[in-house]
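Novice: Whole structure, please, built from the sequences with the hints as guidance.
If you're matching positions, the sequence shown starts at 1 in the numbering used here and goes up one per residue.
Calculated directly from the structure, the hints in this document are not laboratory data.
The reader is advised that the hints may include incorrect statements.
[As the list claims (entries may be wrong)] For lysine-lysine, the following PhoX-like pairs were computed, each having C-alpha atoms within a straight-line distance of at most 20 Å: (1) K306 / K194; (2) K284 / K306; (3) K32 / K194; (4) K306 / K287; (5) K56 / K101; (6) K137 / K12; (7) K56 / K12; (8) K101 / K86; (9) K206 / K254; (10) K64 / K137; (11) K12 / K32; (12) K287 / K254; (13) K290 / K306; (14) K12 / K86.
[Claimed, not checked] Restraint-style ranges between C-beta atoms, simulated for each label pair: (15) E132 / N191: 23 to 33 Å; (16) E96 / L312: 51 to 61 Å; (17) S153 / S256: 32 to 42 Å.
A virtual CB, placed ideally from N, CA and C, is assigned to each residue, including glycine.
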Amino acid sequence: MTERVPTSFAAKYADLESLLRFGVDELEARLKASLSGLRPVAIQARVKSIESAYAKFQRGEYAKLEDVDDLVALRAVFLHPSDLPKAIGVIRQNFEVLLVKNDEAGKPHEFNYRQPHISFTLPTDYLARHGELSWLKAELQLTTYIQHALQESVHDVIYKGVGFSWQEHRLDGRLRGLLEIVDSVLENVANVAKIENEPKYETFDKRNEIIATSAQLLGESRMPTDRRRFAITIERFLAIAAIDIGDLTALAEKNSDIVNALSLNPADKILGILLRERLDVMIKRVKGKKIFVSSELREFLPEFDKFPAGNLISI
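Specialist: Right, here's the structure in full:
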């Protein structure tokens with residue numbers, strides 16, 4: 001609502017704002033390219049609103065617009081806290097960093113807003129072509145996905161509300177403390193889960209047996225990266241073939257040509273063994289279900305000619 005800002009200031013800022021938008025677009029593109037290796041969840045960029053810029057002058061923080069260090073502000077959002085110091089290192093390598101704030105550990109009893117902020121300038125090669133932005137300082141905030149969600153939720157209430165509330169600020173601090181714990185647990189979920197012993201759970205126990213048996217039969221190095229999805233897929237194949245994973249070892253020994261086939265992926269190999277050994281059973285039990293068949297497996301096994309075409313998915 002620019003009517004709350006003096007006309008003289010609004011006019012000067014409007015002229016500057018169009019120039020800033022060129023800078024923010026360039027910075028956003030450069031940041032996305034520089035940080036791509038860390039796989040940020042999101043990168044946001046904005047030009048400071050007229051109202052926010054004017055408020056800084058009302059507080060006596062700056063003498064002229066060109067001194068404001070966050071007229072262009074960006075936020076890079078990552079999954080885990082350990083990504084933040086890595087991102088700082090990347091920014092130092094790719095930009096002229098002027099200042100880094102809030103990158104040190106805070107007091108152990110405080111849970112206030114403490115995401116790292118980096119003040120930096122536009123890249124030298126860009127300034128060589130756009131010297132009119134040589135004065136521009138941008139500010140980058142680094143945060144985690146969870147803290148970003150909290151910040152988006154409470155920002156207007158806590159920092160731009162119609163009054164001051166001790167309870168609101170207190171709740172903000174308590175939430176940040178809780179989310180800091182959640183951030184830490186999520187980043188180390190595999191280790192945290194091992195604090196307690198695994199209970200007996202038949203579904204998972206059977207799937208783990210599928211993973212272990214498959215690795216033994218096919219070779220550890222040939223197993224897929226996502227073994228959980230692999231186990232669920234094989235579980236389905238075994239159910240259609242009406243056998244247990246324990247029966248697969250003997251069947252695999254009879255079909256070494258499939259096991260050693262370089263053209264087949266791990267799931268194809270097990271499906272191929274089952275089709276060769278349990279074709280009649282699978283034809284009877286596949287009703288209402290569909291099986292994906294790769295062209296490599298179809299070429300390898302002539303048995304597919306007998307399988308109901310309506311139950312096959314081919315690409």
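Novice: Hint by hint, where does the structure go against what was stated? Just the numbers, ascending.
Specialist: Of the numbered hints, 1, 3, 9, 11, 12, 14, 15, 17 do not hold.
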